[in-house]
Amino acid sequence: MTDITAPSVTFADPDRMAALRRRRYAADLRLRFYGIAAICTAIGLLGILVTTLVIGGYSAFTQTHIRVAFDISEDLVDRGDPAQGRWRTVVSDAIEEMFTGVEGADMRAAGQILTNNTQFIVRDAVLRNPGVIGSTLVLEIPAADPYDQLNKGVINRDLPESRRRLNDGQIALWDVLVEQGRVSRPFNWALFFNADSRFPELAGLAGAITGSFYALLVCFVISFPVGIAAAVYLEEFAPRNRLTDIVEVNINNLAAVPSIVFGLLGLAVFLQTFGLPRSAPLVGGLVLALMTLPTIIIVTRASLKAVPPSIREAALGMGASRHQVIMHHVLPLALPGILTGTIIGLAQALGETAPLLLIGMNAFITSPPGGVMEASTALPTQIFIWADSPERGFVARTSAGILVLLGFLITMNAVAIFLRQHLQRTW
Amino acid sequence: MANPAPTPAMESFQTVRTADANANPARLKADGVNVFYGEKQALFDVSIDIPEKSVSAFIGPSGCGKSTFLRCINRMNDSIEGCRVTGDITLDGENLYDARLDVVELRARIGMVFQKPNPFPKSIFENVAYGPKIHGLARDKTDLEEIVVSSLKKAGLFEEVKDRLHAPGTGLSGGQQQRLCIARAIAVGPEVILMDEPCSALDPIATAIIEELIDELRENYTIVIVTHSMQQAARVSQKTAFFHLGKLIEEGPTEGIFTNPREKRTQDYITGRIG
Ligand SMILES: Nc1ncnc2c1ncn2[C@@H]1O[C@H](COP(=O)(O)OP(=O)(O)OP(=O)(O)O)[C@@H](O)[C@H]1O
Ligand SMILES: [Mg+2]
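In order, the protein sequence lines correspond to chains B and C.
Counting from 1, one number per residue, gives the positions in the first sequence under our numbering.
Counting from 1, one number per residue, gives the positions in the second sequence under our numbering.
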């Protein structure tokens, strides 16, 4: 010990100390500036991303519709068996009706203004309401993609005819419809309620959303209990030895394995060995569960570790068995953390594309899956498919799909933050 | 793993004991207890009788093994990896380290109160009701309520919390929390209550209340208390044991230890020269 009565520092140079202080404040300021600059960069990049998506995708949230009156005459549609009606004729009659009196109307071009599936839309409407047979049925029919783009201003009519998707004659036909007041552009519910389609004006995300939902459900049902059980065992029961060390290292490594590897694994194991159906949300969910499992195990262990030891001691000291200590005290206290981590893990799984491509969830499927065994797409793979399609309408839909996916992700993360703030107990 | 070779100090060492003619009979006895944390020995050949329905205090400098010994009595050391206990601790002649003994039941008979108040993050009622619930002590709800109320009364807390039994236990003051922990321990009807520095996180007023409470509880319970405060040991205990470097140096009636210690190290400690 040194003699504490003799200070070894002399406080003789106030100038030097003041200069030192100034330099320390300057360093503080610089550090804060770097932080703010980094955050601004991050927010700026995010802003660019979202702005690009909104500019590219907002038009897909509306859809051009044309009001058409169909004459459901009994000659064409039999009351006894309306499904076998001559729907193609019903539609072409209605189109002719719209353009009667129009000089030099090109009826072949006119037939392509309404979406390709119009006859089925009319048929389904009549089947839902057979009472209209014999009278006139007015429906809002989606316009085919080129006309939709024309209406949205994406196709520029001032360009020379040779460089436009629509020639002057087609544009003239369109203008007739606009003049008749048949054209409207309401919110595009089809984007959420239709499944995929070859025709952009009909394509929607319903199949992808349902597929993603089923896949995440399978993923959650498997990875949540398994992950928690594994974490509880490793954290509370496992002896510290070489074997558990190896398990631990491997779990941490598993979290870093590229997702495409899990896809290959799913392909080899679930499809080829177990013979599960291709493109099924069940298989997608299983693969995603493999990927989410390490995340859940790691967050669960961290949450368990964060429970203060005094609570365990209190419970043990009361004569609680180990099982009771965990079930009554430790797990409930760790649950908010576990749930938060799980939701973030699921959000990651929701955005995962590569493994789903490998197990065939990028198939072209025109109806939402009715269960986990039916072929389906998922949100990210649907975006992938649309991004690959040349039609102008799919370009906007790709961006819109990304916005919808981001919306789901933000919602899930918001739920996670809410849980963290409102369920967490203080002790 | 073989026992580490006994250190030379261990052989030449003998606890100084003063008999107390007025002491209650002892049902809790330790005989030749050694504790190892891995290779390191923390307690050396500790033997002591704990008289029933009285307060015994363990004193000694930090790190001398008081808590270690206390935790041996209700086998809380079981959950520490690498901790090994040899020797006998018996309650009514029954060896607590017998392989057939049920630890869960043992801890219902020997309760514990910790240094830092550690109520569960649940309501006051739930805190006290937890023990009776897991041990199946209450036949029905009214039974349980009765146990909770009487435990809170015995712990001197009932009057202060009677109109907020369902408020969180963690919302009480430190002293109230510690009394809640005592109520929680009492609720399972233990014979022995172990207290590890129960007042070290409390202010003097809360400490005085707890000391008074300990004095009352002595009527019905055997109490073992670890304390750093010599005054506290002198005030509340009938028997005192002085530990130093893992050894039980001297034990005897509290008055004797404080007024007339027979061992030099005891004297040095209570006069403040070591510690
Ligand atoms: N879990 C443990 N692992 C290893 N060594 C331990 C452990 N707990 C205690 N020890 C050691 O055992 C010895 C006795 O510790 P103990 O906690 O019993 O002391 P104490 O008398 O209660 O001290 P204090 O008055 O500071 O609480 C100390 O040397 C300590 O380092
Ligand atoms: Mg201690």
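Worth flagging that the hints you see were computed from the coordinates, not collected in a lab.
Wrong hints could be hidden among the right ones.
Counterexamples of contact, computed for chain B against chain C with all Cβ distances above 12 angstroms [to be verified]:
#1 N156
#2 A320
#3 S321
#4 H328
#5 D388
Here are some, though not all, of the chain B residues that point toward chain C, as calculated from beta-carbon distances under 7 angstroms [stated by the list, open to error]:
#6 A306
#7 A314
#8 G317
#9 H323
#10 Q324
#11 M327
Beta carbons: idealized from backbone N, C-alpha and C, even for Gly.
Going through the hints against the structure:
no.: 1; hint: N156; in the structure: holds, 66 angstroms
no.: 2; hint: A320; in the structure: violated, 6 angstroms
no.: 3; hint: S321; in the structure: violated, 5 angstroms
no.: 4; hint: H328; in the structure: violated, 8 angstroms
no.: 5; hint: D388; in the structure: holds, 53 angstroms
no.: 6; hint: A306; in the structure: violated, 13 angstroms
no.: 7; hint: A314; in the structure: holds, 4 angstroms
no.: 8; hint: G317; in the structure: holds, 4 angstroms
no.: 9; hint: H323; in the structure: violated, 10 angstroms
no.: 10; hint: Q324; in the structure: holds, 6 angstroms
no.: 11; hint: M327; in the structure: violated, 11 angstroms
Checked against the numbered hints given earlier, this structure breaks hints 2, 3, 4, 6, 9 and 11; the rest are met.
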